[in-house]
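S.K.: Keeping the supplied structure of chain A fixed, place chain B upon it in accordance with the hints.
Listed in order, the protein sequences are those of chains A and B. If you count the first sequence from 1, position 216 lands on 213 in the numbering used here, and the numbers rise without skipping. If you count the second sequence from 1, position 228 lands on 230 in the numbering used here, and the numbers rise without skipping.
To be clear, the hints were calculated from the coordinates, so they are not data collected in a lab. No experiment lies behind these values; they were computed from the predicted model shown. Among the hints, erroneous ones may be present.
What the hints assert, rightly or not - Calculated pairs, EDC-like style, for lysine to aspartate or glutamate (alpha carbon to alpha carbon, straight line, at most 16 Å): (1) K431(B) with D54(A); (2) K419(B) with D69(A); (3) K115(A) with E171(A); (4) K131(B) with E154(B); (5) K222(B) with D69(A); (6) K212(A) with D197(A); (7) K419(B) with D329(B); (8) K169(A) with E190(A); (9) K84(A) with E95(B); (10) K176(A) with D161(A); (11) K131(B) with E95(B); (12) K244(A) with E194(A); (13) K118(B) with E95(B); (14) K107(A) with D124(A); (15) K222(B) with D68(A).
What the hints assert, rightly or not - To give a feel for the contact side, a few chain B residues facing chain A, derived at Cβ under 7 Å: (16) V221; (17) I224; (18) E425.
C-beta: ideal position from N, C-alpha, C; glycine also.
The lines below spell out each chain.
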Amino acid sequence: MENLLVAENIYKQFGNFTALNNVSIAIPRGSIFGLLGPNGAGKTTLLRIINQITMPDRGQVYLDGKPLHPDDIAHIGYLPEERGLYKSMKVGEQALYLARLKGLSKTEAKTRLEYWFKKLQIEGWWDKKIQELSKGMAQKIQFIITVLHQPKLLIFDEPFSGFDPVNAGLIKNEILQLKEEGATILFSTHRMESVEELCDYMALIHKSNKLLDGKVSEIKRAYKSNTYEVGLESENNAVLFAELNEKFVIGNTNFKSINDDLKLTIQLNNQETPNQLLEYLLGRARINHFVEVIPSVNDIFIKTVTQNA
Amino acid sequence: MRNLKLIIQREYLARVRNKTFIIMTFLSPLFLIGMFALIAYLSMLNSSEQRIIGLYDESEMFATEFKDQEQVQYLDLSGKTLEQAKSLVNEQEYYGLLYIPENIDKTLEGVQFFGKESPGLGTVQAIEKTIADRLTREELIERGIDVNQLNEARTEVKIEIQNFSGQRTSKMSNYIKMFFGGAAGYLLMMFIIIYGNMVMRSVIEEKTNRIIEIIVSSVKPIQLMMGKVLGTSLAGITQFTIWVILAGALAMISFYVLGIDIFTVQKSQLESIEQIAKPQVAQLVMDVINLPILSLIIFFLIYFIGGYFLYSAIYAAIGAAVDSETDTQQFMFPVILPLMLGIYVGFFSVIENPHGSVSTIFSMIPLTSPIVMLMRIPFGVPWWELAISVTILILTNFAVIWLAAKIYRVGILMYGKKASYKELFKWLKY
Chain A
-2 MENLLVAENI YKQFGNFTAL NNVSIAIPRG SIFGLLGPNG AGKTTLLRII NQITMPDRGQ
58 VYLDGKPLHP DDIAHIGYLP EERGLYKSMK VGEQALYLAR LKGLSKTEAK TRLEYWFKKL
118 QIEGWWDKKI QELSKGMAQK IQFIITVLHQ PKLLIFDEPF SGFDPVNAGL IKNEILQLKE
178 EGATILFSTH RMESVEELCD YMALIHKSNK LLDGKVSEIK RAYKSNTYEV GLESENNAVL
238 FAELNEKFVI GNTNFKSIND DLKLTIQLNN QETPNQLLEY LLGRARINHF VEVIPSVNDI
298 FIKTVTQNA
Chain B
3 MRNLKLIIQR EYLARVRNKT FIIMTFLSPL FLIGMFALIA YLSMLNSSEQ RIIGLYDESE
63 MFATEFKDQE QVQYLDLSGK TLEQAKSLVN EQEYYGLLYI PENIDKTLEG VQFFGKESPG
123 LGTVQAIEKT IADRLTREEL IERGIDVNQL NEARTEVKIE IQNFSGQRTS KMSNYIKMFF
183 GGAAGYLLMM FIIIYGNMVM RSVIEEKTNR IIEIIVSSVK PIQLMMGKVL GTSLAGITQF
243 TIWVILAGAL AMISFYVLGI DIFTVQKSQL ESIEQIAKPQ VAQLVMDVIN LPILSLIIFF
303 LIYFIGGYFL YSAIYAAIGA AVDSETDTQQ FMFPVILPLM LGIYVGFFSV IENPHGSVST
363 IFSMIPLTSP IVMLMRIPFG VPWWELAISV TILILTNFAV IWLAAKIYRV GILMYGKKAS
423 YKELFKWLKY
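One chain only, chain A, in its complex shape (with noise of 0.2 Å):
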């Protein structure tokens, strides 16, 4: 089976509002998957759909290619976008309560409990309360209980808000690990820089569609635009920068460079390869600096935005 997860034609409704039309996404074995989305684009939904909290008006979720079973919350942990811990209980009592409700027997919840406290250098917390942690503290609780009965499928909504940067470095790398040890994990987020970083796949939502999705390299593949930013040395770059604006669509562009470089981006047509703009380059200027434009996920996510805007 190829893919773990696949959600089809899932559509959902409240009220007059629609929440997800038609929206279809399929998760690879083993890959970690990017759902993005402004806020209020349905991606929460289709969260709580894969989860079974709410259901769908229309549309099936497979898990390992057989419709979702009310069972297979054993296989899925779900770190939601709003979440806590109850305030008055202790740390090791509520998370022995939590881990028991995903399934797992007593004896077997606090063996893990004990190995993740100590992996995370919690130990000392068990009977401490949570009003007694601080936000970051409570997250990593919050962490260790979504991950504690080894899920195959991981669902991660806006993992790192509200963390601060060592914490977030800290599960970032536990993700990692999680995923090298086999786990599938979807994350649902609109912060952009950590889908660079850690995405094979994503899914972009827009006002309750699915507007894009695929593979992270191929989707940035079909967004390149031939373009090229260069750094150009030159006896005059004034008038080189005027002979390179009649042959080809050139723009601005800032990078950082120790020499005093005439610094441009260069798009080419569809016929044009580097190689020629090299060759044309070569006998005009000192070329210190080459380099392909290849679009963030960020400028994918706004150019098709808006588009669809």
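M.R.: Using the frame of chain A, we list chain B on its own:
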């Protein structure tokens, strides 16, 4: 099922471990006993006060009629002038001065009472009766009627009330039934409000803590809601059981002090009680023992569970619909209203006529039946009425829990949306 058990367990422990719960359970009976003791003590203090009333009798007919009693002493001041008597009463701080004019007749006109403060109703009635009795006797003699013969002819009527199963009752026992029924109904209302509020607060807590979405990704919302309602009800039953045991222990101790063996209470024993205590106390004890205490406790539990489930499902839905406890006000009124109605119908209608149509109808309506029926039970309710009432209650429970669960399911995941009745109605259709 496994998860439901886990939730019930957590909710139960969360309630029972709460400090307020422990304090409430053990201190409130003490507080109640203390209150009763205080009231009894204060009323004893009140009645042990000696009052002196000056008597200024110009007709010279009543000097022997006003006899000193436990609380009131009469002092004949007829020898002085009225002004002297008045100032004496004032100086000595007597309770008052009763003035009876010379030519007193049936209308009692001219009789006056002077005092710093207006006398109590009981005192006035006693004085009026004494004067009227004396005048009546005068009148009878004047008309040539032999007073002794009249007294002999007078018949004493005392109806002995008995139900068909042969249980004798008395007027006193009616008061006791009222007391126990009323107490049970009132207690039930308090339980519903207190424990319903606990459910509501716990729902709001989960919502504001933002733990709710973590939990509902593991269990169905209705499981969580039912687990919460059940766990909290078990805490309520625990508290009730502790109170029954405490009350039972207290009763045992007081019976032991009075020398009654409740397991072999017989008529003969009643007499032996009479030797120790006043006859009224003995009768009271017997009336209490003859109450259907066991069925009262059993039906208290049945109606507690039925009524509590009904209301706490509503409370849970309210908790889910709001973001904080301050937003609950607009929804609380319709919940409190039927409970108050039940109490008022109970206190006015049931006591007046326990099996009248108003009482019967309100003991069938599921929102009031737990309270009203409990108040009726000590007076004896036919089993088929109980069966109908409980059946209606159970059926309503299913319907209300179903509706509440729908609101709950949507509400727990809604943040920052001000819920209105219109909004709630829409949620039912999601």
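S.K.: Against chain A, run the beta carbon of V221(B) and see if the smallest gap drops under 7 Å.
M.R.: With Cβ-Cβ at 6 Å, under 7 Å, it holds.
S.K.: Given E425(B) as an interface hint, is its Cβ closer than 7 Å to any Cβ of chain A?
M.R.: violated, 10 Å
S.K.: Is it true that the CA of K118(B) sits at most 16 Å from the CA of E95(B)?
M.R.: holds, 9 Å
S.K.: With the threshold set at 16 Å, check whether the alpha-carbon distance from K131(B) to E154(B) stays at or below it.
M.R.: Distance of about 21 Å is beyond 16 Å: violated.
S.K.: Is K419(B) within 16 Å of D69(A), Cα to Cα?
M.R.: violated, 31 Å
S.K.: Less than 7 Å between beta-carbons is the criterion; does I224(B) satisfy it with respect to chain A?
M.R.: Violated - the Cβ of I224(B) stays beyond 7 Å from chain A, reaching only about 12 Å at its closest.
S.K.: Quick one, are K431(B) and D54(A) close enough, alpha carbons at most 16 Å?
M.R.: Measuring from Cα to Cα gives roughly 12 Å; hence the hint holds.
S.K.: Are the Cα atoms of K115(A) and E171(A) separated by 16 Å or less?
M.R.: Given pair K115(A), E171(A) holds - Cα atoms ~14 Å apart, limit 16 Å.
S.K.: Keeping to a limit of 16 Å between CA atoms, is the pair of K419(B) and D329(B) held or broken?
M.R.: Roughly 11 Å separates the two Cα atoms, so the pair holds.
S.K.: Just to be careful, I want the Cα atoms of K131(B) and E95(B) compared with a cutoff of 16 Å; is the pair within it?
M.R.: Violated. K131(B) to E95(B) sits at ~25 Å, over the 16 Å cutoff.
S.K.: Does E194(A) lie within 16 Å of K244(A) when you go C-alpha to C-alpha?
M.R.: Outside the cut-off at roughly 36 Å; violated.
S.K.: Just to be careful, I want the Cα atoms of K222(B) and D69(A) compared with a cutoff of 16 Å; is the pair within it?
M.R.: holds, 13 Å
Hints 2, 4, 9, 10, 11, 12, 17, 18 from the earlier list are contradicted by this structure; the remaining hints agree with it.
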